[in-house]
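S.K.: Spelled out, the chains give:
Protein chains: 2
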Amino acid sequence: MAVYTEVSDEDLALFLKRYDLGELLSFKGIAEGVENTNYLLHTTAGNFILTLYEKRVATTDLPFFLGLMEHLNSNGVSCPLPVRDLKGNHTGELCGRTAAIITFLEGICVKHPAPSHCLELGRALARLHLAANGFALTRENALGPKGWRPLFNHFAGESESISTGLKEDITAELDWLEKDWPRGLPQGVIHADLFPDNVFFIGGKLSGVIDFYFACNDCLAYDLAICLNAWCFEDDCSFNITKGRALMSGYNEVRPLSEAECAALPILARGAALRFLLTRCYDWLNTPEDAIVKPHDPKAYLRRLRFHQRTATTAEYGFNPA
Amino acid sequence: MAVYTEVSDEDLALFLKRYDLGELLSFKGIAEGVENTNYLLHTTAGNFILTLYEKRVATTDLPFFLGLMEHLNSNGVSCPLPVRDLKGNHTGELCGRTAAIITFLEGICVKHPAPSHCLELGRALARLHLAANGFALTRENALGPKGWRPLFNHFAGESESISTGLKEDITAELDWLEKDWPRGLPQGVIHADLFPDNVFFIGGKLSGVIDFYFACNDCLAYDLAICLNAWCFEDDCSFNITKGRALMSGYNEVRPLSEAECAALPILARGAALRFLLTRCYDWLNTPEDAIVKPHDPKAYLRRLRFHQRTATTAEYGFNPA
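So the protein lines, in turn, are chains A and B.
Just so we're aligned, residue 1 is where the first sequence starts under our numbering, counting upward by one.
Just so we're aligned, residue 1 is where the second sequence starts under our numbering, counting upward by one.
Simulated from the structure, these hints should not be mistaken for laboratory data.
Identical copies look the same in the list; a pair holds intra-copy or inter-copy alike.
DSSO-like cross-link-like pairs, simulated, lysine-lysine; straight-line CA separation at most 27 Å:
#1 LYS146 / LYS167
#2 LYS294 / LYS55
#3 LYS205 / LYS111
#4 LYS17 / LYS87
#5 LYS55 / LYS17
#6 LYS167 / LYS299
#7 LYS179 / LYS167
#8 LYS294 / LYS111
#9 LYS205 / LYS17
#10 LYS299 / LYS146
#11 LYS55 / LYS146
#12 LYS111 / LYS299
#13 LYS28 / LYS55
#14 LYS111 / LYS28
#15 LYS294 / LYS167
#16 LYS17 / LYS111
#17 LYS179 / LYS299
#18 LYS28 / LYS294
Turn these sequences into a full structure, and let the hints guide you.
M.R.: Next up, the structure:
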């Protein structure tokens, strides 16, 4: 949400010499993304986003993220395309940071998705999963089940300040999930952070997907479980079954869910709720009070987790596989 | 440098209904301007800047600022054009703020202007002064000579923490300027904040001028004195006479300076240096240490002031009126 690194016209002119992007017409720092510095570039070749990777993105993961965007693009997914420099590189150095240029994607984020948006999202997610097939690189999910307990241990002692009983709740949930987490489900590349602010629409139609900086290899159905959490609950944390049905039907239309995946959805949804509860608790406890970017309230994910704990079947999410 | 007010797709859709701007294709918060929230809008009608005025801009001054931009535009100045809504208004309400839409201007700010940029700037400034002729509204310069002492009184007690002897220096300078400030010079609308970050270039040619939120009525030559301070000193605060000559010759080409204006330039330059010294001191002392927008170092303007105090004639700035 901020420009952490100021890029001058001189720095940028030097950097752009390595690209075939024509003449620079304007550049503006944009308040996009919490972790990196982003500029919107307009050149005679079009509109682009210039990203300077700040501390939280491991630059060793960039070949996976940027390569994935390129792979998805070439397989028909509407997402930003990394621009290669004249030597064929995806990244370069700018102001002491690793930097990349990607194409600008038109579209608007929807704050309160309607069922029609959820339907489109389900289809797009399934298409993304299919399109990622054959991508050569792999990346472990650092925020998957194995990462949850170590993350919790960082702040377990302070967790009671967020909500009474939270430490015990999370510990019990970790015990249960670690024991019962499903094995053998179809694997592949997942987006892993497909919240409404990472999906663009124009006039009600999905126009593209952005921000692949959490993408990794994991169960495909876990990505759907993340979307169920991120798209199908109302502001008051009530579950909207119409949106759940739309999301899952849309997905199932394009990539039919296996019986095992369907059966696993409630537990995957619990895992996804816990994963965002954990990172939100961590951010909540580690953000200075006067920070411009306010952390999200973790309790919204505690309430989702409680909903999933009471849910036994995928039918309760609105989906009845034929 | 931040998005203070988050505008959702719903808020924006409602606001845009009042305009004839076609379909919205994207909007991004941009890190532009210290005082207001700005979004870059792309619609089927083109690119625009949406500004939400935060606390520091008095909305009663908006008719002056926005009317001036419209007047300048219609007189051939390349600056943003305020877009009127369907009812002919320049402003409306969005998220509890007064908001306006202006056209997007292409171009890049130059961090280290060359003499050629200063020449172009001088010409553009003179054209702006001439084009503003006939603009019906007026606005007093709140940061003109009458405003300096009251502003200083806000922080005089703390000024020694910036530089030893600063309190005495500023007091003596105020005494001198108040006594000797020139009267009877040609008046008009001035930009009053024409720093390099408010002037755009494309391929070395000046493409436009932005940010009219300090514009007011004052001596025209005082605007030139501000530019002399803002454009013709190097990073080490040494004066570059080649740039000074370029700036003033460019101005004089388009709007010949009178003898009285020429003679007054050294004192106007002192006043301009003091004005930015005062506001920078104020910001320096009133910005929280961990703020994302770091205040400019006031001492750069103390050093400019000292230079002007030693300068008696306009020739010493590189300009010899024919």
